[in-house]
Amino acid sequence: MRSDAVQQLWRSRGWRFGLGLGLMLAAIALAVGFGWLGPDGSVGGPQWQGASAAHWFGTNRLGQDIFDRALAGTATAFRVGGLVTAGALVLGALLGAAAGWRTGSLLDEVMLYLMGVLDSVPIYLLAAALAFALGGGELAVITAMTLSFWTATARLIRGEVARLRTREFVLSAQAIGLPAPLIVGRHLLPNAAHILLVQGALTFVAAIKTEVILSFLGIGTLENVSWGLMLAESTQDLLAGHFGNFAAASLLLFLLLLALNLMTDALQDAFDLRETAA
Amino acid sequence: MSLAGYLLRRLVHGAALMLGVALLSFTLMVQFGPDQTFELLGKNPTTEDIETVRENLGYDRPFLMRFGDWLSHTLRGDFGVSAANGEPVGPLLGRAFPITLALVLPGFLIGNVLGLLLGMLAAWHRGGAWDRLVLGGSVAGLSLSFLVIIIVLQLLLCTPYGLNLFPTRGWRVDGLGSYFYYVTVPTLALITVSLGYNTRFYRAVILEELGREHIRTARAFGAGGGELLFTHALRNAAVPVLTRLLYSIPLVLVSGSLLIETYFGIPGVGKIAFDAITSGDQAVLLAIVVLTAALFVAVQLLADAGSRLADPRLGSS
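For the protein sequence lines, the chains are S and G, in the order given. First residue of the first sequence? That's 1 in this note's numbering, and the numbers climb one at a time after it. First residue of the second sequence? That's 279 in this note's numbering, and the numbers climb one at a time after it.
Please keep in mind that the hints were generated in silico from the structure rather than gathered at the bench. Any given hint could turn out to be false.
Unchecked claim - Far from chain S, by Cβ distances over 10 angstroms, these chain G residues were calculated:
| # | residue |
| --- | --- |
| 1 | 317 |
| 2 | 346 |
| 3 | 356 |
| 4 | 452 |
Unchecked claim - With beta-carbon atoms standing in for the labels, derived distance ranges:
| # | chain 1 | residue 1 | chain 2 | residue 2 | range |
| --- | --- | --- | --- | --- | --- |
| 5 | G | 589 | S | 34 | 51 to 59 angstroms |
| 6 | S | 272 | G | 391 | 40 to 48 angstroms |
| 7 | S | 54 | G | 457 | 14 to 22 angstroms |
| 8 | S | 11 | G | 362 | 38 to 46 angstroms |
| 9 | G | 589 | S | 8 | 48 to 56 angstroms |
| 10 | G | 589 | S | 176 | 56 to 64 angstroms |
| 11 | G | 448 | S | 241 | 16 to 24 angstroms |
| 12 | S | 56 | G | 333 | 29 to 37 angstroms |
| 13 | S | 50 | G | 588 | 33 to 41 angstroms |
Claimed, not checked - A short list of chain G residues far from chain S (calculated; beta carbon distances all over 12 angstroms):
| # | residue |
| --- | --- |
| 14 | 304 |
| 15 | 332 |
| 16 | 534 |
Just so it is clear, the structure is predicted and the values come from calculations on it, not from any experiment. For glycine and all other residues, C-beta sits at the position ideal for the given N, C-alpha and C.
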């Protein structure tokens, strides 16, 4: 990665603010994971409490503290978003590089076909189909999003690898007999790290947004507290005049997406990547 | 290669792509999907009843035969019947499609025009206060979930907690007045959710054009701001703009309508898709997946042909 770009990144206020906010939310997610934060499992307290010092966003229909549940939703968002992003980046980098190393080869044609097929199935329908096949729940959602989102990264890595392949440093590496996987892994992918970084942030945002909507529709996570499920609950609460669920879930969701979008923006500026063909 | 030959090759590609989509979705939904035998049976079925239903569902035949069967029916335009009410899927979707189109079209158009204008404003004042304001607003917009936008707009415009001007649910359109009555809030939601993305796209495209030589020349010849932006920059950006507009059509029609129709109880394609998802209505879901893929292929063909017409330099690569 170019050091001038990294310097420009750290000078950007958006990057510093986004990173700070993102790390704060990641710390909350970790704390929930260790059991230090989040719901204590008790139900049956007073229901529909207003906001107070004990319950920042009040309590829900079961008497659970809403803010605790929203914090637990942070962990779900990070878990789902993180797994989808990791899966999509690994698949996208490996398969994209394999296709780009020999453009026009049979492997490349097969990859392009596969990506075309996956890109033609809307994520909601793919998630629904996988929910059938895998029996629903978080695993089906994560698989569906990974299958849907890796193609964007793969197309970019394919293009970058194809572009770099004829450069002198690659030809020299080939001339001294380095095997192709080593050249790709050690010399080409590190040169595409900025693409992976930006794609990672974009994938994270897409995964969180999609998870919320899938959970809301009832084909997302069922086994954990999710902001989407809280928002689904809140649509009935709202008509009865209870705003706690909606406020807590949408606020944390907005903060996490804002943090990621600010970071994406700063990364795109620093590395001069812009989505003109999006 | 001639345009016709090129288009023919693209058609073959498109057919292969749709076959892949069909195979993928059929495998996931039918082969690995839930066993529907007992959904269709009454109470206390006899062994023969069970056999008959399994035979009707095709469970006694090998996968490839069932796939081939379904494919040949689908190719003839027979999408089977909905498991929910036994209605043929073709007419069901045919009835819903115009509703979805009428629902999303205004938001799609206004969202793009507004995005273009804001993008131009930002690009023209690159680095200035307007640019920062528009970019900051679009980052905030990108961070809003579609779901949250819909809930807030409904709360503010459709309930006694807000202005209470529009309906929370339904679609009883019989004229222009009722059309505006039902379409306004969904349109506002579609504009809000797409504006951030649209603005950034148009800003990037216009910025790229404004940096080119022909703009400098036109400026030197005394062209004004409006002429530079609309005539010189926008017309030369026709290819990326057209491509993006076309490519977003299937997404808006299927993904965009799913949430909004479900939330507002509007009987369009998205609502039918959602009902089919929750009830496991395979015939309906398969039809929607295949038709969406067909739409993707058609859109790609159109975008390709359009780019070629707009820019003759594009070869047949």
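Hints, verified against the model:
1. 317: holds, 13 angstroms
2. 346: holds, 19 angstroms
3. 356: holds, 21 angstroms
4. 452: holds, 27 angstroms
5. 589/G with 34/S: 51 to 59 angstroms: holds, 57 angstroms
6. 272/S with 391/G: 40 to 48 angstroms: Between residue 272/S and residue 391/G, where Cβ atoms are some 29 angstroms apart, the hint is violated.
7. 54/S with 457/G: 14 to 22 angstroms: violated, 49 angstroms
8. 11/S with 362/G: 38 to 46 angstroms: violated, 58 angstroms
9. 589/G with 8/S: 48 to 56 angstroms: violated, 34 angstroms
10. 589/G with 176/S: 56 to 64 angstroms: Taking Cβ atoms as reference, residue 589/G and residue 176/S lie about 43 angstroms apart, which means the hint is violated.
11. 448/G with 241/S: 16 to 24 angstroms: holds, 23 angstroms
12. 56/S with 333/G: 29 to 37 angstroms: violated, 60 angstroms
13. 50/S with 588/G: 33 to 41 angstroms: Check failed, 59 angstroms falls outside 33 to 41 angstroms.
14. 304: Violated: least Cβ distance 10 angstroms, not greater than 12 angstroms.
15. 332: With a cut-off of 12 angstroms, residue 332/G remains clear of chain S, as the shortest Cβ separation is near 18 angstroms.
16. 534: Violated: least Cβ distance 10 angstroms, not greater than 12 angstroms.
Taken one by one, the earlier hints fail for this structure at numbers 6, 7, 8, 9, 10, 12, 13, 14 and 16, listed in ascending order.
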